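Novice: Here is how the chains run, residue by residue.
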Amino acid sequence: EADIYQTPRYLVIGTGKKITLECSQTMGHDKMYWYQQDPGMELHLIHYSYGVNSTEKGDLSSESTVSRIRTEHFPLTLESARPSHTSQYLCASSTSRAGANVLTFGAGSRLTVL
Amino acid sequence: LAKTTQPISMDSYEGQEVNITCSHNNIATNDYITWYQQFPSQGPRFIIQGYKTKVTNEVASLFIPADRKSSTLSLPRVSLSDTAVYYCLVGDIWTTSGTYKYIFGTGTRLKVLA
Chain A
28 EADIYQTPRY
38 LVIGTGKKIT
48 LECSQTMGHD
58 KMYWYQQDPG
68 MELHLIHYSY
78 GVNSTEKGDL
88 SSESTVSRIR
98 TEHFPLTLES
108 ARPSHTSQYL
118 CASSTSRAGA
128 NVLTFGAGSR
138 LTVL
Chain B
2 LAKTTQPISM
12 DSYEGQEVNI
22 TCSHNNIATN
32 DYITWYQQFP
42 SQGPRFIIQG
52 YKTKVTNEVA
62 SLFIPADRKS
72 STLSLPRVSL
82 SDTAVYYCLV
92 GDIWTTSGTY
102 KYIFGTGTRL
112 KVLA
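Taken in order, these protein sequences are the chains called A and B. First residue of the first sequence? That's 28 in our numbering, and the numbers climb one at a time after it. First residue of the second sequence? That's 2 in our numbering, and the numbers climb one at a time after it.
Hints in this document: simulated from the structure, not taken from any laboratory. Some clues are possibly wrong.
Label-pair ranges, simulated between beta-carbon atoms [to be verified]:
hint	chain 1	residue 1	chain 2	residue 2	range
1	A	D86	B	T73	37 to 47 Å
2	B	L81	A	V79	21 to 31 Å
3	A	T113	B	R46	45 to 55 Å
4	B	F64	A	L141	45 to 55 Å
A partial selection of chain B residues facing chain A, derived with a Cβ cut-off under 10 Å [claimed, not checked]:
hint	residue
5	G16
6	Q50
7	Y103
8	G108
9	V113
10	A115
A quick note: this is a predicted structure, and the numbers were derived from the prediction, not measured. Ideal Cβ placement from N, Cα and C applies to all residues, glycine included.
Working from the sequences, and respecting the hints, build out all of it.
Specialist: In structure tokens form, the structure reads like this:
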């Protein structure tokens, strides 16, 4: 059972459209992440947040932006979608606890830009 | 940054034990070792985590030698449904702004044959 939810699961959209991928978690985790993954390829971290009003870019440059106004919500926005943005976007969260952290992932949002 | 190295792919037959080794020569004193499993079109799922020696849960075992420069994920009696990509992650990357970010490597693509 998922405690982190992503919508939409699948989205097909035309070039130039603005899109927002939603990610919500009910676990009260302070840290949240966005990864981008092409089919059969590795995950690339594109954004992360360690709390409300704090966001940072990941290791893979992305034209997307994120916001963290509420602890449970971490949406990703593309102002003008392009075919190069076609990919799967995975949201994850984690919490701080003694010793180690474990990531919990959502089911992903598969974006296709025509 | 504790870089990890895993075999790109492995094949096994149903009912066999599978061992996947991960090298992490630069592991830091406070780093934990975490393994994730990912099925196609899904987000990675936590399998097991350890710090030293041996850890066992209902799905896998994790063996960590005394020097902690490597770890081995052991899957007993695999089935077709264990066909997936397995990722080894080491530690948390503490950034200058005081956050954690998790970097995934290429993972090991396990194929279980009938």
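Novice: Please go over all the hints and tell whether each is borne out by the structure.
Specialist: Hints and how they fare:
no.: 1; hint: D86(A) / T73(B): 37 to 47 Å; in the structure: 27 Å, violated
no.: 2; hint: L81(B) / V79(A): 21 to 31 Å; in the structure: 44 Å, violated
no.: 3; hint: T113(A) / R46(B): 45 to 55 Å; in the structure: 24 Å, violated
no.: 4; hint: F64(B) / L141(A): 45 to 55 Å; in the structure: 48 Å, holds
no.: 5; hint: G16; in the structure: 27 Å, violated
no.: 6; hint: Q50; in the structure: 6 Å, holds
no.: 7; hint: Y103; in the structure: 6 Å, holds
no.: 8; hint: G108; in the structure: 7 Å, holds
no.: 9; hint: V113; in the structure: 18 Å, violated
no.: 10; hint: A115; in the structure: 22 Å, violated
The earlier numbered hints that this structure contradicts are 1, 2, 3, 5, 9, 10.
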